[in-house]
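**Student:** Sequence:
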Amino acid sequence: WLCIFDNADDKQVILKDYIPSCNHGNFIVTSHLKETLQTASPGCHIELSDLNKEDAVELLLKHSHDEGSKQNQNFSIQIVNAFGCHALAVCTAGAYIGVTPTCTLENYLTHFKKKRTKILNYKTKSLDAYHLTVFDAFQLSFNKLHHSTQYLMQICAHLHPTDIPIEIFTRAAAFAGNDTSSVDSNPPTKAINIMEEFLSLFVQEESWDDSVVE
1 WLCIFDNADD KQVILKDYIP SCNHGNFIVT SHLKETLQTA SPGCHIELSD LNKEDAVELL
61 LKHSHDEGSK QNQNFSIQIV NAFGCHALAV CTAGAYIGVT PTCTLENYLT HFKKKRTKIL
121 NYKTKSLDAY HLTVFDAFQL SFNKLHHSTQ YLMQICAHLH PTDIPIEIFT RAAAFAGNDT
181 SSVDSNPPTK AINIMEEFLS LFVQEESWDD SVVE
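Numbered by our numbering, the letters in the sequence shown go through residues 1 to 214 in order.
Think of the hints as simulated: they come from the structure by calculation, not from any bench.
Treat the hints with care, since some could be wrong.
[Unchecked claim] In silico lysine to any residue, SDA-like type, Cα no more than 25 angstroms apart, as pairs:
(1) K114 to P101
(2) K34 to L2
(3) K62 to K118
(4) K123 to A174
(5) K115 to T149
(6) K144 to I166
(7) K53 to Q204
(8) K16 to L33
(9) K34 to V13
(10) K123 to D9
(11) K115 to I166
(12) K118 to G43
(13) K11 to G43
(14) K144 to D10
(15) K70 to L48
(16) K118 to N107
(17) K115 to Q139
(18) K34 to I166
(19) K11 to T149
(20) K118 to S148
(21) K62 to S49
[Stated by the list, open to error] For each label pair, taking beta carbons as the anchor points, the in silico distance ranges come out as:
(22) Q71 to T100: 32 to 40 angstroms
(23) E196 to V13: 20 to 28 angstroms
(24) P42 to L109: 43 to 51 angstroms
(25) I28 to A172: 37 to 45 angstroms
Using N, Cα and C, we set each Cβ at its ideal position, and we do this for glycine too.
Turn these sequences into a full structure, and let the hints guide you.
**Tutor:** Here it is in structure tokens:
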């Protein structure tokens with residue numbers, strides 16, 4: 001027998017409770033959680049990284065049904081860079097380009113800025129059973145995060161997509177008391193209240209908890 005646990009990302013689910021106790025059969029688990037490695041035999045796991053740029057471009061051109069000309073390659077690189085080479089986002093972009101007469105590799109990013117919500121909720125007409133849109137997939141993963149992690153992601157969404165120095169938060173945690181104590185006798189502003197609420201989720205003994213970034 002073969003048993004498949006797909007998207008086993010719920011920490012509350014104990015996979016071992018669903019695996020038969022016998023000396024035959026196999027099971028496959030796909031998950032974002034490192035903890036699922038504990039269910040695998042030594043050496044029986046594959047860690048999949050994000051798409052590299054070359055593979056992302058190839059995937060985009062495949063779904064958009066465009067030729068791999070030098071010009072198309074250049075436009076494709078701009079698109080996959082904008083989406084961080086995220087596989088589902090790249091597939092959706094290609095599929096949208098392929099079925100939208102007014103949308104091309106050249107003008108896709110302009111098109112996306114104007115119709116962001118529509119495109120993120122676009123469902124591809126692929127033959128497989130996968131039915132989630134880019135937004136659905138993000139929302140599903142986001143909802144499973146601890147509320148403090150969600151809060152951190154919401155703050156980071158206003159910063160750079162990848163290069164966010166942890167020092168921004170460690171320095172804020174270290175000097176938050178000094179900053180707020182220097183405020184006039186007037187009640188703290190809403191921004192200060194939000195900052196203090198946010199930092200309180202990640203501060204231990206008046207300093208930033210390094211385990212947050214692990």
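**Student:** State for each hint whether it applies.
**Tutor:** Taking the hints in turn, this is what the structure says about them:
no.	hint	result
1	K114 to P101	16 angstroms, holds
2	K34 to L2	22 angstroms, holds
3	K62 to K118	22 angstroms, holds
4	K123 to A174	46 angstroms, violated
5	K115 to T149	28 angstroms, violated
6	K144 to I166	23 angstroms, holds
7	K53 to Q204	39 angstroms, violated
8	K16 to L33	15 angstroms, holds
9	K34 to V13	14 angstroms, holds
10	K123 to D9	23 angstroms, holds
11	K115 to I166	33 angstroms, violated
12	K118 to G43	43 angstroms, violated
13	K11 to G43	22 angstroms, holds
14	K144 to D10	7 angstroms, holds
15	K70 to L48	29 angstroms, violated
16	K118 to N107	16 angstroms, holds
17	K115 to Q139	19 angstroms, holds
18	K34 to I166	23 angstroms, holds
19	K11 to T149	15 angstroms, holds
20	K118 to S148	29 angstroms, violated
21	K62 to S49	20 angstroms, holds
22	Q71 to T100: 32 to 40 angstroms	19 angstroms, violated
23	E196 to V13: 20 to 28 angstroms	35 angstroms, violated
24	P42 to L109: 43 to 51 angstroms	45 angstroms, holds
25	I28 to A172: 37 to 45 angstroms	43 angstroms, holds
Hint violations for this structure: numbers 4, 5, 7, 11, 12, 15, 20, 22 and 23, all remaining hints satisfied.
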